[in-house]
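**Q** Residue numbers (the working numbering), protein chains in the order written: chain A, 1 to 422; chain B, 1001 to 1422.
Treat each hint with caution, since some may be false.
[Stated by the list, open to error] As a list, the in silico DMTMM-like pairs of lysine to aspartate or glutamate whose alpha-carbon atoms are at most 25 Å apart: (1) B/K1052 / A/E37; (2) B/K1147 / A/E344; (3) B/K1379 / B/E1068; (4) A/K367 / B/E1238.
[To be verified] Which bits of chain A does chain B cover? Going by a derived footprint, with three or more residues having C-beta under 8 Å, they are: (5) 119-133; (6) 160-168; (7) 243-249; (8) 286-295; (9) 361-374.
Just so you know, these hints were derived from the structure itself, not from any lab.
These numbers come from a predicted model, not from an experiment.
We put the beta carbon where it would ideally sit given N, CA and C, even for glycine.
Protein chains: 2
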Amino acid sequence: MRDFLPEDVRRREYVIGIVSSIYQRYGFEPLETPALENIETLTGKYGEEGNKLIFKVLRRGEHESSGETDLALRYDLTVPLARVVAEYRGTLPKYFKRYQIQPVWRADRPARGRFREFYQCDVDAIGSRSPVVETEMLAAVSEVLVKLGFDDFTIQLNHRQLLTATLNRAGVEPPLHTTALVALDKLDKIGVDGVFEEMVSRNVPHHAAQAVLDNVGSGEFGSFPDQPGAAAAENLGEIMNLCESTAAAGHVKFAPFLARGLSYYTGAIMEVTVPDLAGSLGGGGRYDGLIGMFLGEDVPACGFSLGLERILVVMTERKMFPPEIEQASADVLLTLFDRSTVPEALKLAAELRAAGIRVEVYPEPDKLGKQMKYASSRKIRFAAILGGDEIARGEVTIKNLDTGEQKTMPHPAVADLVKTSK
Amino acid sequence: MRDFLPEDVRRREYVIGIVSSIYQRYGFEPLETPALENIETLTGKYGEEGNKLIFKVLRRGEHESSGETDLALRYDLTVPLARVVAEYRGTLPKYFKRYQIQPVWRADRPARGRFREFYQCDVDAIGSRSPVVETEMLAAVSEVLVKLGFDDFTIQLNHRQLLTATLNRAGVEPPLHTTALVALDKLDKIGVDGVFEEMVSRNVPHHAAQAVLDNVGSGEFGSFPDQPGAAAAENLGEIMNLCESTAAAGHVKFAPFLARGLSYYTGAIMEVTVPDLAGSLGGGGRYDGLIGMFLGEDVPACGFSLGLERILVVMTERKMFPPEIEQASADVLLTLFDRSTVPEALKLAAELRAAGIRVEVYPEPDKLGKQMKYASSRKIRFAAILGGDEIARGEVTIKNLDTGEQKTMPHPAVADLVKTSK
C-alpha cells in the first residue's frame, strides 16, 4: 500500500476536484460509506476468487482469541451502494444519482499499477430505465475527460441484449453465452482468428462461432426478429442519437465486440479508450438486477466507474497537470532576518496570506544564504527579505529564485508580483 | 459506523475545504497514509487500553485459518507520520509541515458523538524548536476557526516544563508529577477543592498540594531559580508575544491549569475552547520525543489536532453552514415535455452547466405535475419547462418553486436568474 506524499496528494485532489464538480453539475450527489462493513454484507457477492481477496477483521476483546471475523474492508463501491439503497429506502429520492470516490481494499498480490488499497470513482443513477440516464452519464464522463485534458477519447458502446440476440441468432446455446462473450471481449488482443479458436475450443460449434463473428463483424446493429434484440437495437440507437446533443457528441462509437467481463450487465455497456493506451480509462453499463440485492427486487440502475488510478498514471506520464499543481506548496518563503524582526515578518505573512498568497515562514533567523538555499531546494519561487531597513521604510525585498532578480517594493505590490508571474 | 448521505458529505467537504486551504496558505502540505499499517507499527504505541481498541486484520489465503493477524487499521495520524518521517528521511524537507485529514478506527463501544470510524484532522510541523512554529500553528488554527464562523474562541496556553518546574518548587516528588497533572487538568470540572482532595488522596503531601494550587492559582508564570522553569516561562512569553502579530491576536490566554492528558508533550501545550461548549474544539502542543520513535532519536515537533467531528456537530447545531451547502445538489430541475423534445432539453442542460449551473434532468417525460412535485420534494429551487412553443421561440419557461412565479425567457437569462437569486 502506498503513502501519498504532498505532490501525490495535490495531483489526486486536482483530479478528484474536477470529477466531483462536474458530476455535481449533472445533479449527482456525493455519498460516503464506512471502510468496514459487516462481513456477511460482502461475502458471496464477488464470486469465489473475490471472497479470497476480502480483508477480514478479527473480532475484538474476549472474542479476539477465537480467530473469528465479523467485519470486512470495503471491496468495491457497488455493494455498499446496494446496502444504502435498501437501508435508506424511505429517505433517498426516487431517482438517486450519486457519486462516490473512496478507497477499496483487495488482498491481491501487488504488481505494477496494482495496489491493495486503491480509489474507486463511481457514478450511478438509480430508479429509471430511460435512455436519458445513459446519455447523461456519458455526457458527464465526457465533460470530466475533456476538463482533465483528454480530447482524443472514444466511448465504445454496445448492449448486452444485442449480444444475446446475436448469439441466439447465430445458434449459440444459452449455456455457452458467457463463454462466447468472454472470447469476444478479447478480440482486440487475440484477433478474429483467436476468438474463433477460443470459442470452438470451448464447445461453441464451428458454424455458430463463424456466424457470431460474421454478424458482429458487420458493424451493424442488425435486425432481429425477436423482441429483445429489436428493443436493444432501438435502445442503443436512441442513446447514440441523444448523445449527439451533449458533451459526448462525436465521441460515441458502436463497438460490436465490446462485451465487458462482469456478468451483471443487463443493457447498454460502455468503455472509454484513448488511442495510445491499452485497456480503458473507465467503463460501465446498465445493471438492473444488482442494486436491489438487499431488497429482493429489481431496481433499475446504470453506473460508470472511472479508472482514477490509471488516469493519474497517464496524466503524470503525459505531464497533463497544470504548473501550480506540480509546484511546491508555498509561493513565498519569508526569511527571518534576526530575532527582533520576527513580529514584523509575521505581520507581513498575515498580509500576504490575506491576499491569497501561500507563505511559508522560515522558522529560525538562520544565515540568509541558508534560508535561500532552503527555498530553492523546496522549489519555492520567491523569497522575501525583511531587514531593519525594509521595515523602517515599510517595504520588503523580493527575490525571484528562478531568475535571481531582486527588487524592493511596498508590501501590497508583493501579491501582484506573485500572481502575475504565475 | 456511519454512512454519510449527500447532505452530510457536503457539510464535511465544506469544513475540510476551508481547513486545507488555510493550512496550505501557511505552507503546510497534504499527506495521506494507507488505512492499513503493519501490525507491529501500531502495537505498543497507544498503551494497554489502546492496544485493545486496534482493529486487527486476519492474514489471508493459506494463513487465514491460523487466526493470525498481520495488518491493523490506522488508529491515529501521529504514528503513521512518525513512520513516514523515518521512511522518507532523505526525501522530506528539513522543516516538514504537513496536514492530514483521514479517518481512523477504534474499537470503542459506540456512544453519542463517539464513533468507531471518525476523521482526524492533524497539522504538524517537524524539525524546529523555534517559537515561530507554535505561533504559526496557532495563527493557522485561528484563521480556520474564524473562517468557519467561530469568532468567540479562546486559545488556552500552558507549558509542560513550566508545570514541571511548578511541581518541583512546590515539593511534589517527580514520581507523583503525572498524578498531580491529571488532578490539575480536572480543575474546570471538580474545582480547586476537588483538585486538592484528589492530589492528597493520591499521596501528594498536603503542603505540596496547597503550594501547587497557590502557585498555579496566581495566574502568573512565576519566576524560577532553575533553568528549565525559567526557559519555559521565557518560551511561553515569546509565543504569546509573537501571537499578537498574527491571526491569533486577542485569542491567546495563559491557562495555568491546562495539563492535557497525554504524557508525550515536552513544551507548550494548547487547547481551543468556546464559551458554550464543554470540552475543546481541538488541542495540541510540542512533543519532541515522539516523531523520532522509528529513527531512535529526538526530532523536534509541534502538532495540533482539530476536533473535526465535534466542529461538525457544533456547526450543525448552531446552523453555521452557508445556505448553498444546506440546499439540494441541483439548482434547476429540467423537466421533459415529451420524447421529441429530449434532444433540445439536453442541449439546454449543456448550456446551463457550461454557465456553472447545476442541472438535474428528470429522466422520463412524465406528467408535468409529477415532475414539479419531484423538484419540490428534492428542494430544487427552479424548474425549467421546454415545450414545443418554447423551443420554436428559442426560449424556456422557468418556475421559481419557492415563490410559484413563472416566467418565459431566452436561454442565457436563466443562468443570471439562478445566480442572482442565490
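**Q** Kindly indicate which numbered hints from before are broken by the structure, ordering the numbers from low to high.
**A** 3, 6 and 8
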